[in-house]
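2 protein chains.
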Amino acid sequence: MEKLSGDVFRFSCPPSVKAFASVAGKKESEGPMGEYFDVIDEDAYLGEDTWEKAESRLQKTAVQKALQKAGLDASQIDFMFAGDLINQCTGSTYGIRDFQIPFFGIYGACSTMAEGLLLSAMSVNAGYAGYCLNSTSSHFSTAERQFRFPLSYGGQRTPTSQWTCTASGAVILSAEKSKVRICGGAAGTITDFGIKDANNMGAAMAPAAAATIKRYLDVTGTKPDDYDAIVTGDLGITGSGLLYDLLMREKTDIRNVHKDCGVMIFDGETQDTHAGGSGCGCSASVLCGYFLRKMEEGSMKNILFTATGALMSPMLLQQGESIPSIAHLVHISA
Amino acid sequence: MEKLSGDVFRFSCPPSVKAFASVAGKKESEGPMGEYFDVIDEDAYLGEDTWEKAESRLQKTAVQKALQKAGLDASQIDFMFAGDLINQCTGSTYGIRDFQIPFFGIYGACSTMAEGLLLSAMSVNAGYAGYCLNSTSSHFSTAERQFRFPLSYGGQRTPTSQWTCTASGAVILSAEKSKVRICGGAAGTITDFGIKDANNMGAAMAPAAAATIKRYLDVTGTKPDDYDAIVTGDLGITGSGLLYDLLMREKTDIRNVHKDCGVMIFDGETQDTHAGGSGCGCSASVLCGYFLRKMEEGSMKNILFTATGALMSPMLLQQGESIPSIAHLVHISA
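Line order of the protein sequences matches chains R and E. When we follow the working numbering, the leftmost residue of the first sequence carries the number 1, and every step to the right adds one. When we follow the working numbering, the leftmost residue of the second sequence carries the number 1, and every step to the right adds one.
Treat the hints with care, since some could be wrong.
Pairs count within a copy or across copies, as identical chains cannot be separated in the list.
[Said to hold, decoys possible] DMTMM-like, lysine to aspartate or glutamate: derived pairs with alpha carbons at most 25 angstroms apart:
(1) Lys196 x Glu297
(2) Lys301 x Asp197
(3) Lys196 x Asp98
(4) Lys301 x Glu48
(5) Lys251 x Asp226
(6) Lys214 x Asp98
(7) Lys196 x Asp49
(8) Lys177 x Glu321
(9) Lys223 x Glu30
(10) Lys301 x Asp225
(11) Lys196 x Glu48
Worth flagging that the hints you see were computed from the coordinates, not collected in a lab. Predicted model only: the values in this text are computed from it and were never measured.
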């Protein structure tokens, strides 16, 4: 491994993407990404009796599908990294407990897929794991009632609000050679610009994304145009605009190559999703549905997947605090 | 690195313990471990205006103290792993945001210190980090109201209940040589024996501890008597008894060398703590207060630190679910 600096990595034996799978709900299936998801379940309960159990089922399905696509049994996975938005990460822990895979729980809010991929890649590159799995999920109904209002309250959504996606993604990395590989990445640092509005996650997360992207470009000596896409997790429309502004101040223009999973997953014109999609499952399902597929097909060769997380606590907001955010970056090449 | 199996590691370049620090509250300072803590704050609010902010302050103090003991500035730490019990891990994220250290958030409930140590050791051993920090915390008042009852309700505690410790611990690992080193470890697997009582965490976690300890002994071909102590996180009195029973069924007797941080931290006779202490800060502060100190002094040479976590969700319990648990093991030698 070539360690470029404390928090920026380039892997000497780039771990390969063995398999990936995405699962999404009805609304997500009706958006522009609909055709790319592996599994669509139109029942918001996924056959369970509560939304929380439905989210666990979502993640379980993504993991099962990834294992199936990889042709692997759960017992062949050395360990996994997973987490989600729900208190105590129940989407993950209850979703994966039956697989009996050694498990490291992670919490990075919507940055979880990038955090997990980075830790998985570090583990495979170092020889700790032959196969390493990571997964995450989100569910509109579990997240909205936990972070904002009871759904039955029917509160009006503000223009900057984002729609938590009902979706999940799972990726299996391996030391075997394959077309798509994780060649490097950067660990994020907590960034807090003092945003206190739980309905403006994009603004809270944009500074974290800007810092991590700028740092990776600087340390690796690369330019935005060296990549087919610089992907952010779920800044949405508001956050993406702020990201451009913040990076332009640093004389870095990513507009030509920038894609935001929160903007991509819904059709803002017809789906009434305001600033776009959000949730751990948003960037995870767009990565595992769209981007990794495009890379496997060969139409994209080089992307920076930068999932962003608002480490927001409803209780701390009630106590007058702001929203700390983080962005982890994974460099994927084909 | 010598990888003994998918989930059991032995490090070829054992990362060393550069520094460690512990912080505890008033009740903890009055127990048998009182003399070992670095910092004691008798104010349950630690000068803050809410318990959640107090817990963040607790963890911030532990990290500051560990940096000070190591003679390091926060900018010298390559990255850190931290997490805690409170929703969205606010004890960690709000506690450490000012340090501006690249950060991986983890969630393992009370197993957090072992999970973080294992991931830190993997990172240092692989050369990803020169200095890697990990920290965790818990606070009686934040945890009790989140997981059980509003404190002002004054509910009567059951005999198997444990007392969430107001405490924090932080450890800095490094690639430099020093007396105390992390020589191996094992990642835990989620274990769920169907316990549904939020006041009997020990019973929920004992099977996870038994599985991880047995696995490490088997894979490494070692016996309980090869260690000065097999330490569990916070099984308490009830859980420790169950751990002995479960291991005896496997013809493994650890009673001679077993120590439980939850039993050690309070005096059950005089402190009215029922089955003992619990919380991420319990095993973290006893490790960083007592065990690492004993190892540095030379009176202990070889311990298995097995922190256990009940991945319990109050909401999922209300929905009829049981408590999944996990135990991660870290082999520390001097």
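Verification of the hints:
{"no.": "1", "hint": "Lys196 x Glu297", "verdict": "neither (42 angstroms within a copy, 48 angstroms between copies)"}
{"no.": "2", "hint": "Lys301 x Asp197", "verdict": "neither (37 angstroms within a copy, 51 angstroms between copies)"}
{"no.": "3", "hint": "Lys196 x Asp98", "verdict": "between (38 angstroms within a copy, 17 angstroms between copies)"}
{"no.": "4", "hint": "Lys301 x Glu48", "verdict": "neither (40 angstroms within a copy, 50 angstroms between copies)"}
{"no.": "5", "hint": "Lys251 x Asp226", "verdict": "within (16 angstroms within a copy, 60 angstroms between copies)"}
{"no.": "6", "hint": "Lys214 x Asp98", "verdict": "between (40 angstroms within a copy, 20 angstroms between copies)"}
{"no.": "7", "hint": "Lys196 x Asp49", "verdict": "between (34 angstroms within a copy, 18 angstroms between copies)"}
{"no.": "8", "hint": "Lys177 x Glu321", "verdict": "neither (47 angstroms within a copy, 41 angstroms between copies)"}
{"no.": "9", "hint": "Lys223 x Glu30", "verdict": "neither (35 angstroms within a copy, 58 angstroms between copies)"}
{"no.": "10", "hint": "Lys301 x Asp225", "verdict": "within (12 angstroms within a copy, 55 angstroms between copies)"}
{"no.": "11", "hint": "Lys196 x Glu48", "verdict": "between (34 angstroms within a copy, 19 angstroms between copies)"}
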